[in-house]
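Colleague: These are the residues of each chain, in order.
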Amino acid sequence: MSTTTEELADKRPLHPLIDKAQYGLAAFLALAGGYVLYDAAMLDDAFADQPVQPYTLPFIVGGGLVLLGILLAVATARGDRPEAEEGEDIDLTQGTDVRTVGLLALVLIGNILLIDWLGWAITGAFVFAGAATVLGSRNWVRNITVGVALSVGSWYAFYVLLGVPIPAGILDGVL
Amino acid sequence: MDLLLDGFATALTPENLLFATIGVLLGTAVGVLPGIGPAMTLALLLPVTYSVGADSAIIMFAGIYYGGMYGGSTTSILLNTPGESSSVITAIEGNKMAKAGRASQALATAAIGSFVAGTIATVLLWVVTPFVADVVVTLGSPSYLALMLLALFAVTAVLGSSKLRGFIALFLGLAVGLVGTSTGQARLTFGNPLLADGIDIVVVAVALFAIGEALWVAAHLRHKPLEIIPVGQPWMNKEDWRRSWKPWLRGTAFGFPFGALPAGGAELPTFLSYATEKKLSRHPEEFGHGAIEGVAGPEAANNASAAGTLVPLLALGLPTTATAAIMLVALQGYGFQTGPTLMDDHPDLVWALLASLFVANTLLLIINLPMAPLWAKLLRIPRPYLYAGILFFASLGAYSVNFQAFDLALLLAIGALGFFMRRFGIPVLPLIIGVILGPKIEEQLTTALKISQGDVSTLWSEPVAVVVYAVMALLLVAMAVTGARKPSPSESPLLDAPGDSNDNKELVER
Amino acid sequence: MHPSRRMFRILALLTALVLAAAVSGCGVTRGSDDPDNRRLRMLIPNSVGGGYDLTGRAAAKALEDNDLTGRFEITNVQGASGTVAMQRLLNEKGADDVMMLMGLGVVGAVYTNKSDATPLKMTPIARLVEEQEGILVPADSPLETLDDLVKAWKDDPSGLTVGGGSTNGGPDHLFPMQLADTIGINPNDVNYISYDGGGPLTTALLGSKIDVGMSGLGEFEGQIKDGKLRVLAVSGEERLSGVDAPTLTEAGVDLVFTNWRGVLAPPGISDEQREYLVDRLTQMHDTDEWRAALDANGWTDNFATGKEFEDFLAEQDARVADTLKELGLA
Chain C
0 MSTTTEELAD
10 KRPLHPLIDK
20 AQYGLAAFLA
30 LAGGYVLYDA
40 AMLDDAFADQ
50 PVQPYTLPFI
60 VGGGLVLLGI
70 LLAVATARGD
80 RPEAEEGEDI
90 DLTQGTDVRT
100 VGLLALVLIG
110 NILLIDWLGW
120 AITGAFVFAG
130 AATVLGSRNW
140 VRNITVGVAL
150 SVGSWYAFYV
160 LLGVPIPAGI
170 LDGVL
Chain Z
0 MDLLLDGFAT
10 ALTPENLLFA
20 TIGVLLGTAV
30 GVLPGIGPAM
40 TLALLLPVTY
50 SVGADSAIIM
60 FAGIYYGGMY
70 GGSTTSILLN
80 TPGESSSVIT
90 AIEGNKMAKA
100 GRASQALATA
110 AIGSFVAGTI
120 ATVLLWVVTP
130 FVADVVVTLG
140 SPSYLALMLL
150 ALFAVTAVLG
160 SSKLRGFIAL
170 FLGLAVGLVG
180 TSTGQARLTF
190 GNPLLADGID
200 IVVVAVALFA
210 IGEALWVAAH
220 LRHKPLEIIP
230 VGQPWMNKED
240 WRRSWKPWLR
250 GTAFGFPFGA
260 LPAGGAELPT
270 FLSYATEKKL
280 SRHPEEFGHG
290 AIEGVAGPEA
300 ANNASAAGTL
310 VPLLALGLPT
320 TATAAIMLVA
330 LQGYGFQTGP
340 TLMDDHPDLV
350 WALLASLFVA
360 NTLLLIINLP
370 MAPLWAKLLR
380 IPRPYLYAGI
390 LFFASLGAYS
400 VNFQAFDLAL
410 LLAIGALGFF
420 MRRFGIPVLP
430 LIIGVILGPK
440 IEEQLTTALK
450 ISQGDVSTLW
460 SEPVAVVVYA
470 VMALLLVAMA
480 VTGARKPSPS
490 ESPLLDAPGD
500 SNDNKELVER
Chain L
0 MHPSRRMFRI
10 LALLTALVLA
20 AAVSGCGVTR
30 GSDDPDNRRL
40 RMLIPNSVGG
50 GYDLTGRAAA
60 KALEDNDLTG
70 RFEITNVQGA
80 SGTVAMQRLL
90 NEKGADDVMM
100 LMGLGVVGAV
110 YTNKSDATPL
120 KMTPIARLVE
130 EQEGILVPAD
140 SPLETLDDLV
150 KAWKDDPSGL
160 TVGGGSTNGG
170 PDHLFPMQLA
180 DTIGINPNDV
190 NYISYDGGGP
200 LTTALLGSKI
210 DVGMSGLGEF
220 EGQIKDGKLR
230 VLAVSGEERL
240 SGVDAPTLTE
250 AGVDLVFTNW
260 RGVLAPPGIS
270 DEQREYLVDR
280 LTQMHDTDEW
290 RAALDANGWT
300 DNFATGKEFE
310 DFLAEQDARV
320 ADTLKELGLA
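Residue numbers (numbering that gives the first Met the number 0), protein chains in the order written: chain C, 0 to 174; chain Z, 0 to 509; chain L, 0 to 329.
Honestly, I wouldn't trust all of these hints.
[As the list claims (entries may be wrong)] Okay, the calculated bits of chain Z under chain L, using three or more residues with CB under 8 Å as the criterion:
no., region
1, 192-198
2, 301-307
3, 313-321
4, 329-337
5, 345-354
By construction, these hints were calculated from the structure, which means they are not laboratory data. Glycine residues also receive a C-beta, built at the ideal position from the N, C-alpha and C atoms.
Required output: the full structure, derived from the provided sequences and hints.
Modeller: As structure tokens, this is what we get:
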């Protein structure tokens with residue numbers, strides 16, 4: 000979806016046409032709604048007779064999502080365009096910077112994959128330094144130093160002061 | 000009155016004042032962290048406090064409780080990462096204000112609003128606690144269901160300019176709210192026991208606000224040199240005061256009764272307050288871009304609700320929030336018989352607690368108000384560090400609850416949803432409200448109909464329910480009348496402006 | 000200076016600092032071989048402040064303060080009423096420094112969540128405490144005795160609303176189901192309403208929204224003393240001190256039911272390790288601190304280890320499985 004987003008955002012200022020990516024969102028809603036309905040259909044009746052069965056609300060929500068997906072597709076075809084969110088730090092005249100978003104997501108995914116092995120004291124520093132570098136802070140010595148200080152500091156603060164034993168991971172026995 | 004003076008005498012001894020100060024500082028510190036809240040802090044401190052006297056411990060607990068509320072809103076405003084579920088709504092306008100260089104004002108209106116609400120609520124607590132206890136237990140599921148439906152009804156006030164997108168957000172939120180095994184069967188858990196308890200609202204909020212925002216900013220970071228966010232005026236000006244005081248009072252009016260209701264919930268009054276301020280504001284166009292009323296009201300509501308929680312706790316020994324439950328355990332640990340007789344048996348303790356609430360509230364104002372401009376300067380650090388810090392902080396909060404990489408994956412997944420919602424202009428607030436309201440409505444409806452064995456008339460069998468439905472009917476009529484007079488110009492093309500979209504369609508065909 | 004070289008120096012400096020900290024004894028995560036000072040970990044299957052948590056932390060504190068063990072690292076593993084924590088204990092197979100607090104509710108949750116991490120796969124260490132269930136009615140209820148309740152319930156099994164403070168598979172849910180079964184009511188007909196803990200359940204009872212409440216009595220003491228709630232019977236072998244109500248057996252219903260809590264270790268640990276843990280907990284059981292914790296929290300001592308606890312666990316597991324299978328929940 001991100002590539003279409005990019006193409007579209009690139010063209011946007013020049014061609015105020017249909018936002019094709021929005022069909023993707025409509026499809027997502029219909030699919031999500033469809034899955035909610037499927038999941039609801041798999042549920043059994045509750046063990047005691049009761050008027051509100053476990054699948055009652057899911058059928059309403061799932062049906063609603065499918066309907067909204069269809070409505071959005073129709074609206075898109077008729078020229079409905081989203082207003083992407085603006086903000087102080089946001090420049091919508093540029094296209095979507097897929098590389099930066101991708102790298103930032105990779106930093107977060109790296110944290111998810113490594114945290115059990117390396118522990119927060121290391122991956123926390125990686126999150127900070129990685130995110131700061133991706134977002135344009137080129138002084139990576141400082142990035143890493145600040146990151147290590149934050150992650151090791153927060154680890155000790157949680158472990159010693161709050162009594163919340165965040166796993167030390169590979170540094171178990173060292174910290 | 001003598002009892003109250005005695006209470007203050009207990010709360011104001013140098014030793015207890017010290018405990019109160021430790022409490023508010025500790026509370027603020029943990030309130031700041033998403034994932035760790037006042038309830039957890041109290042529980043962790045419980046073994047430690049048994050070595051000090053009961054009154055000192057209770058006074059410190061009061062400080063932690065109120066401090067947590069302040070800390071939660073500080074990060075909501077500055078970093079867009081709400082620390083507590085009751086400060087989720089604050090982030091919506093508060094962070095926008097901060098980005099516009101009005102962080103000091105947002106923090107100040109939050110602090111003063113919390114103080115005003117906390118003070119009024121504490122006075123109300125002194126006055127009404129002995130009387131309302133018996134009323135509170137007469138409310139059953141039908142009444143709660145009616146209140147939840149009222150809240151759902153108020154969602155229409157926050158759907159945003161495109162009703163279609165508002166409903167998309169609401170239904171996505173309701174779908175997220177379905178996750179879990181609350182009905183006895185696993186729904187939308189993909190067979191994963193880690194999803195059995197559903198997805199915590201704080202995780203949803205932090206992911207949507209903080210992670211979604213960071214990804215969105217990464218995609219569209221201004222490449223020209225960034226201007227540093229102006230710190231602006233350090234204090235609230237006359238206009239800010241004028242626009243804040245009514246929301247403070249209205250927020251208190253929402254918060255206190257909801258806090259006193261055993262199944263009210265701390266989030267609901269903040270959201271009702273927000274919806275009300277948006278409807279009543281003379282500057283509705285500022286909502287979504289940093290309207291001070293949207294901070295003042297919900298903040299007052301959450302503090303008033305915190306005080307309201309103590310009504311059933313003190314009068315009946317009924318804990319209505321996790322924090323209150325731990326305070327109850329603490330009281331029992333000191334050998335006090337909690338329940339309806341607590342106020343008669345130990346008036347000194349109860350009044351010391353009430354006095355210390357007031358003291359804690361005052362301390363928090365004294366500490367936080369001068370801090371507001373200092374905190375605001377935090378935003379001057381370079382953008383890459385600001386957003387890296389937010390990501391670091393959000394990850395730490397999500398991880399510290401269960402030490403599970405899965406929670407971080409969930410954070411990223413919902414963060415990605417937040418990114419696409421920004422891309423497609425889908426408002427975040429209705430989703431949050433869907434997550435909060437969906438499970439509550441289902442639970443109350445199920446309980447009500449189970450008790451009545453399917454007899455639907457039970458739903459309007461309680462006076463409170465009847466009154467609430469009547470209010471909703473009146474509001475509907477009022478909306479129909481005003482709506483007919485001035486049609487809103489900014490509706491979605493699908494629903495209101497087929498003419499425009501036809502023009503666009505021709506454009507496409509060309 | 001070349002950035003990578005400066006980088007290297009800083010890293011070297013940091014490494015040196017970390018090593019220095021470790022050598023100088025700052026290493027808070029380092030264990031010790033001394034049996035009286037071993038660092039142990041404890042898993043708690045619910046949030047801070049819950050019943051398991053209070054029991055686990057009280058035990059850990061008694062162990063630490065009496066120099067029976069070193070510091071405990073206590074981790075609250077929430078999720079699916081304990082199923083997630085059990086899974087984690089299973090994953091710790093063979094680990095010689097971890098134990099988990101659990102109880103009847105966890106046994107039930109493992110079945111309702113259809114998890115493989117069953118209690119019987121773990122290494123049983125000790126049962127610590129038990130809590131009786133009480134049958135509560137509002138003060139103005141027409142039900143005066145257990146007989147009244149049995150009669151009313153049999154007349155209209157699903158018309159009588161039964162509230163409890165736990166979800167399906169928890170103690171407050173298992174108890175009415177087994178009670179119904181004992182007096183000849185099909186558990187499938189029981190109109191059980193699950194409340195989110197003792198607070199909401201009390202509210203419902205005080206407001207007479209439900210006919211009967213079933214729960215541990217700890218959270219209801221005040222209401223009972225004040226006469227706002229009445230106890231029809233308690234579920235243990237003996238009467239509960241301070242509560243004027245018969246046991247089920249005395250009142251003519253042949254059922255004994257208690258909610259218990261105990262300690263398990265991961266599967267695959269050595270016999271020495273198992274004996275070490277049993278020995279430490281047995282010593283802990285005799286400390287003044289543990290006695291004081293029992294008193295303060297209103298827990299009944301029910302200490303058992305070895306074969307006794309192993310058999311008990313197997314019996315409980317089978318009983319819970321029967322009840323839940325009958326309800327179609329397992």
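Colleague: Does each hint hold? Answer for all of them.
Modeller: Okay, the hints, checked on the actual structure:
Three residues within the 8 Å Cβ limit are the bar, and the region 192-198 of chain Z against chain L gives 4, so the coverage statement holds. Given as covered by chain L, the region 301-307 of chain Z fails the check, having 0 residues with a CB less than 8 Å from a CB of that chain where 3 are the minimum. Coverage of the region 313-321 of chain Z by chain L holds in this model, with 6 residues showing a Cβ closer than 8 Å to a Cβ of that chain against a need of three. A count of 5 residues in the region 329-337 of chain Z with a Cβ less than 8 Å from any Cβ of chain L is obtained; the coverage claim is therefore met, three being the minimum.
Residue count for the region 345-354 of chain Z with a Cβ under 8 Å from a Cβ of chain L: 0. That is fewer than the three needed, and the coverage hint is violated.
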